[in-house]
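Visitor: One line per chain: the protein sequences are A and B, in this order.
Count the first sequence with the working numbering and you get residues 2 to 431, in order.
Count the second sequence with the working numbering and you get residues 2 to 431, in order.
You may find that some hints are simply not true.
As the list makes no split between identical chains, a pair holds if one copy fits it or if it spans any two.
To be verified - Straight-line Cα separation of at most 25 Å, SDA-like style, residue types lysine to any residue; simulated pairs:
| id | residue 1 | residue 2 |
| --- | --- | --- |
| 1 | K402 | A272 |
| 2 | K3 | R46 |
| 3 | K337 | Q27 |
| 4 | K3 | E122 |
| 5 | K50 | E421 |
| 6 | K337 | L29 |
| 7 | K3 | R231 |
| 8 | K3 | K402 |
| 9 | K337 | D28 |
| 10 | K402 | E93 |
| 11 | K3 | G322 |
| 12 | K337 | A272 |
| 13 | K402 | V126 |
| 14 | K402 | N324 |
| 15 | K50 | S387 |
| 16 | K337 | Q382 |
| 17 | K50 | S405 |
| 18 | K3 | E336 |
| 19 | K337 | T37 |
| 20 | K337 | D35 |
| 21 | K3 | L188 |
| 22 | K50 | V347 |
| 23 | K3 | R359 |
| 24 | K3 | N324 |
| 25 | K3 | V126 |
Keep in mind that the hints were calculated from the coordinates and are not lab data.
There are 2 protein chains.
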Amino acid sequence: MKEIRLGIAGLGTVGAGLARLLRQQQDLLRRRADATFPIVAVSARDRSKPRDAELGPARWHDDPVALAHDPAVDVVVELIGGAGGPALALVEAAIAAGKPVVTANKAMLAEHGTRLARLAEARGVPLHFEAAVAGGIPIVKALREGLAGNRIERVFGILNGTCNYILTQMQESGREFTAVLDEAQALGYAEADPSFDVDGIDAAHKLAILTALAFNCPTDFAAVHVEGIRHVSALDIQYARELGFRIKLLAIAKRTPEGIEQRVHPCMIDAEAPIAHVDGVFNAVVAEGDFVDRTMFSGRGAGAGPTASAVAADILDIAAGRNAPTFGMPADRLEKIAASPLQHHVGRYYIRLMVQDRPGVIADIAAVLRDEHISIESLLQRGRASAGEAVPVVLISHEAKEASVNRALAAIARTSAVMEPPRMIRIEQL
Amino acid sequence: MKEIRLGIAGLGTVGAGLARLLRQQQDLLRRRADATFPIVAVSARDRSKPRDAELGPARWHDDPVALAHDPAVDVVVELIGGAGGPALALVEAAIAAGKPVVTANKAMLAEHGTRLARLAEARGVPLHFEAAVAGGIPIVKALREGLAGNRIERVFGILNGTCNYILTQMQESGREFTAVLDEAQALGYAEADPSFDVDGIDAAHKLAILTALAFNCPTDFAAVHVEGIRHVSALDIQYARELGFRIKLLAIAKRTPEGIEQRVHPCMIDAEAPIAHVDGVFNAVVAEGDFVDRTMFSGRGAGAGPTASAVAADILDIAAGRNAPTFGMPADRLEKIAASPLQHHVGRYYIRLMVQDRPGVIADIAAVLRDEHISIESLLQRGRASAGEAVPVVLISHEAKEASVNRALAAIARTSAVMEPPRMIRIEQL
């Protein structure tokens, strides 16, 4: 029986979850992999901190890089987090030492993925990262191996459980973003500083990785258009429902004639679409391939258990010698694909204006849209206001270009009857 | 660059789809796998039949076993179908010849899976079968590798697209089973002889494979309880909707204190559950693991493109040397788990009776249920009938034992006021 000796850096929630999994599933893993997986070395910021997990007789390293050099360690598991710093130093050191790496670090892969893939391949070392995208859902393996016979046309998903939880709560309770965020923080579903999640950055990191896997191109985090959910209002959610939509924060990567579009933003999607029913902290990824057509994968996108499940799968792959090129293709064959600018995006748009309720306002707005060649699919104006009060006007456009919509919204915002900045939410055709 | 020379036996829809995939994705596969995949030999029943696919200069074998022995063939792809006969002979010959096998044959694996796994392992030959379950959805890989850190508690799914199409159409149109089946046959969604699909056998084959993968036990097709959808009526579908359920043909394998329950039957499921929204010919599989919690995988379960996608993934795995034990564990470690008898199943039940509309009938029925310790969660009696006509009475039970329910239904059927055999549909708690 093989012995795969693990060095784990980072002993937070996920590290503790992994230690628990390795202990609890010891017999099962032995039978499945014909191997044991002792944790022989660990590293974390604060040695004195009480740990959830019983780590046994593992050697302690204050410096994670020392863990990579520890001759007792066969496989390095990086659970520190952060794009650079100690996590990156550890992974580089492990690769240089010829040791397989398992990491859950989306920020690092989004920003340094291609370079790390090159280093790992040059050294002949596997670099696995199932836990970096969509937690327990084995989507990295699905794209890299399970769907490898396909040319992928679009991949998109709900990649941030905090945002999905907040939007689901807003939907169910009718409350505003800030109220639901406060509650989510109290419940531990959102961080004290929630910006990484609610501003879409976390989802964008994950999207950059999915894009590289789906299209076999270098990771290009800088090319991701990122919008979060702070501007989604209870009113928009209510209108979405009336119009047969749901609002979800989607991360979308799509081939266009100009290249690859990568974007994270709130979307209106058909309420009947399967992904519209992925609620709460659940994540989902939809991959569309030319032979397989549409496939969807859903599950828990975060948490100790699901993330440990993904890390364990990577460790088992390494034990079995099941390797695949980091982004589905050897790094030197990854082809840079042009970033398709969002201004060229074509789609339908939901536009909400708060206007004075007086004759001629709709005519003025319609004229602006006409001048930008944007045609209106539907228009809703509900209720009447007393003088000086704003009433909402909601428009759904036919397919239009983002640049035209932006120009139209700027012009509309300058109209005297428009009392608040216009709100726009893209409609994603599923 | 490696050359993996393929021998394909069976040139129906899937064989043609695979040939098209290999031609169309030639460049992509070369970049991804650093290999080419020429079809060097083929075999099919009728040589004179015109073929969708351009097969190039492949050598023709009338006898599939000869294809296995063809020295030009590196990997054997079995797309003949059928549990035994030429398909089984081919796979056995290929394994004996030390050649990796890719098969889409669920019936063969359900009935001979464990034995073939043993043969393949003894010979050190990979035996891959992603296409055998849920078409293009990479669920075999997900269970065998992606979720391998988990103890699976339950796996279930919609595994037959024909049944799901029929139930979806019944749901949408309010029509009866036979009318929808006729239409499905005309559209090519159902076979001329539909019994394999609509009687649940196809789903049961796939379930037997999923069970072995999920629980690392030998395949045990004989232990699967199988019911099809012929008895689902438009009336039941209408009641399901009223009660907040959907009716789906589910294939379910579950750990119970007594062993493993394997069953295929129409289920009432919560209309809000994600799998309730998997409609038409789509398939879905839900796997519940102790660490990952619930994951769901959905996509097209049949058809040339999706099935070819799954077969291609297996071929790419073989090219890359990515191997995993056939059922997630070496065959000699698969542990026989007792079959948990359906009579011991505990769950909620939907019961529909057609009764004479006269006083005392409900009291009689309630007394029978009481005698079997079955408590009623809700009861619906709608509309009044003229003398002699039957009215439906619908009951939802609290949790009860299958054996008790069966006894109660038999007793109820004997009641003079009950005019048709009682209908029962199990409610699956998701």
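Visitor: My question is about K337 and D35: at a cut-off of 25 Å on alpha-carbon distance, are they close within one copy, between copies, both, or neither?
Guide: Between. Shortest inter-copy distance 19 Å satisfies the 25 Å Cα cut-off; intra-copy 40 Å does not.
Visitor: Can you give me the call for K402 and E93, within, between, both or neither, at a CA distance of at most 25 Å?
Guide: neither (43 Å within a copy, 58 Å between copies)
Visitor: Between copies, within a copy, both or neither: which fits K337 and A272 at Cα up to 25 Å?
Guide: neither (35 Å within a copy, 44 Å between copies)
Visitor: Tell me, please, which holds for K402 and N324 at an alpha-carbon limit of 25 Å: within, between, both or neither?
Guide: neither (42 Å within a copy, 47 Å between copies)
Visitor: I want to check one pair: K50 and V347. Are their C-alpha atoms no more than 25 Å apart within a copy, between two copies, both, or neither?
Guide: Neither, since 52 Å and 46 Å both go past 25 Å.
Visitor: With identical chains treated as interchangeable, where does the CA-CA distance between K337 and Q27 reach 25 Å or less: within a copy, between copies, both, or neither?
Guide: between (43 Å within a copy, 20 Å between copies)
Visitor: For the identical chains here, do K3 and K402 meet the 25 Å Cα criterion within one copy, between copies, both, or neither?
Guide: neither (58 Å within a copy, 46 Å between copies)
Visitor: With identical chains, the pair K3 and G322 could be close in the same copy or across copies; at 25 Å between alpha carbons, which is it: within, between, both, or neither?
Guide: Both. Shortest intra-copy (12 Å) and inter-copy (19 Å) distances satisfy the 25 Å Cα cut-off.
Visitor: Given a CA cutoff of 25 Å, do K3 and E122 count as a within-copy pair, a between-copy pair, both, or neither?
Guide: Both ways: K3 and E122 sit 24 Å apart in one copy and 18 Å across, limit 25 Å.
Visitor: My question is about K50 and E421: at a cut-off of 25 Å on alpha-carbon distance, are they close within one copy, between copies, both, or neither?
Guide: Neither: 50 Å inside a copy, 69 Å across copies.
Visitor: Tell me, please, which holds for K402 and V126 at an alpha-carbon limit of 25 Å: within, between, both or neither?
Guide: Result: close neither inside a copy nor across copies, 45 Å intra and 54 Å inter.
Visitor: Evaluate K3 and L188 at a C-alpha cut-off of 25 Å and name the case that applies: within, between, both or neither.
Guide: Intra 42 Å, inter 54 Å, cutoff 25 Å: neither.
This entry does not satisfy hints 2, 5, 7, 8, 10, 12, 13, 14, 15, 16, 17, 21, 22 and 23, going by the numbered hints stated previously.
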